[in-house]
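K.L.:
Fit chain G to the given chain R structure using the hints.
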Amino acid sequence: MIPQIQRSGEVAVTDDRGMREYRSFVCAHCNRIIIVKPGSGRQRGFCLLCQRPTCGHAACGHCVPWEAKLEAMEGRRRFWKQLELTSAGMIRS
Amino acid sequence: MAKYQAKGDQTLTTTFVTALTVGSNATTAQRNSLYRFTLSIGLTPSDSQITWEGQRCSALGTSTAVVPGLMDAGDRAAQAAVGENHTVEPTLTADAFFLEEMALNARATFMWNAFPGEILNHAATVGMGLAFKALHATRTEDFLVQAYWDE
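First to last, the sequence lines map onto chains R and G. Once you know that position 63 of the first sequence is 92 in my numbering, the rest is easy, because the numbers rise by one and skip nothing. Once you know that position 33 of the second sequence is 40 in my numbering, the rest is easy, because the numbers rise by one and skip nothing.
These are calculated hints, taken from the structure and not from any lab test. Watch out, some of these pointers could steer you wrong.
Derived DSBU-like pairs: lysine-lysine, alpha-carbon spacing no greater than 35 Å straight-line [unchecked claim]:
{"#": "1", "chain 1": "R", "residue 1": "Lys-66", "chain 2": "R", "residue 2": "Lys-110"}
{"#": "2", "chain 1": "G", "residue 1": "Lys-10", "chain 2": "R", "residue 2": "Lys-98"}
{"#": "3", "chain 1": "R", "residue 1": "Lys-98", "chain 2": "R", "residue 2": "Lys-110"}
{"#": "4", "chain 1": "G", "residue 1": "Lys-14", "chain 2": "R", "residue 2": "Lys-98"}
{"#": "5", "chain 1": "G", "residue 1": "Lys-14", "chain 2": "R", "residue 2": "Lys-66"}
{"#": "6", "chain 1": "G", "residue 1": "Lys-10", "chain 2": "R", "residue 2": "Lys-66"}
{"#": "7", "chain 1": "R", "residue 1": "Lys-110", "chain 2": "G", "residue 2": "Lys-10"}
{"#": "8", "chain 1": "G", "residue 1": "Lys-14", "chain 2": "R", "residue 2": "Lys-110"}
Computed spacing ranges between beta-carbons, pair by pair [stated by the list, open to error]:
{"#": "9", "chain 1": "R", "residue 1": "Ala-101", "chain 2": "G", "residue 2": "Glu-108", "range": "24 to 34 Å"}
{"#": "10", "chain 1": "R", "residue 1": "Cys-92", "chain 2": "G", "residue 2": "Gly-124", "range": "16 to 26 Å"}
{"#": "11", "chain 1": "G", "residue 1": "Leu-50", "chain 2": "R", "residue 2": "Arg-46", "range": "15 to 25 Å"}
Yeah, the Cβ is synthetic: ideal placement off N, Cα and C, and Gly gets one too.
Bound conformation, chain R alone (with noise of 0.2 Å):
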């Protein structure tokens, strides 16, 4: 397994100073960018469940993984989908 500090993504921002790297990290429950700015003061979360970092929002504070919250919204699409398909039969019939 890698470990966490080397599971960050990358930001590079090119001047004429030339270019800064900076490291960053995907929240494991909202999918939200964090860019690491050493010294910044804020403070982030690690969910122990998902065993990845998270951005600190009190939103993300409980474990609810990305992927179930998509799904959730994809299963709420499906639903309404078919429960339109339903009526528009009961309608014919």
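P.N.:
Just chain G now, with coordinates in the frame of chain R:
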């Protein structure tokens, strides 16, 4: 999974406007997984702070359709609904930012690369997508966004 790329631009105004949306197909919904994007400004570089933001949307708005480029010529055409230069802004999901508001010097180019597997994605639901926006109080140049994704 096949890899695709698209570029979008838009003119800066005093409110957030969208340069690029990458969203689910309008008939066969699918997820798109962004693994890289680039933010930059067109025309003359000078010192100004451009405010950037990336937000999820539930409707893609009205835009100029973009035909995504294939990273491998042997792949099928992209399924994603991609639009640039929006005339009607996407319906943004409140507080669903994938890139929180940040200021970037207009001389700078910003590139984000995901760690493999730790990608940005959206639900496979028609209308869902990712929108890249920017604003500036006075500048009216074009700002440019390039996105790379798997689908």
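K.L.:
So, against the hints stated earlier in the document, which numbers end up violated here?
P.N.:
1
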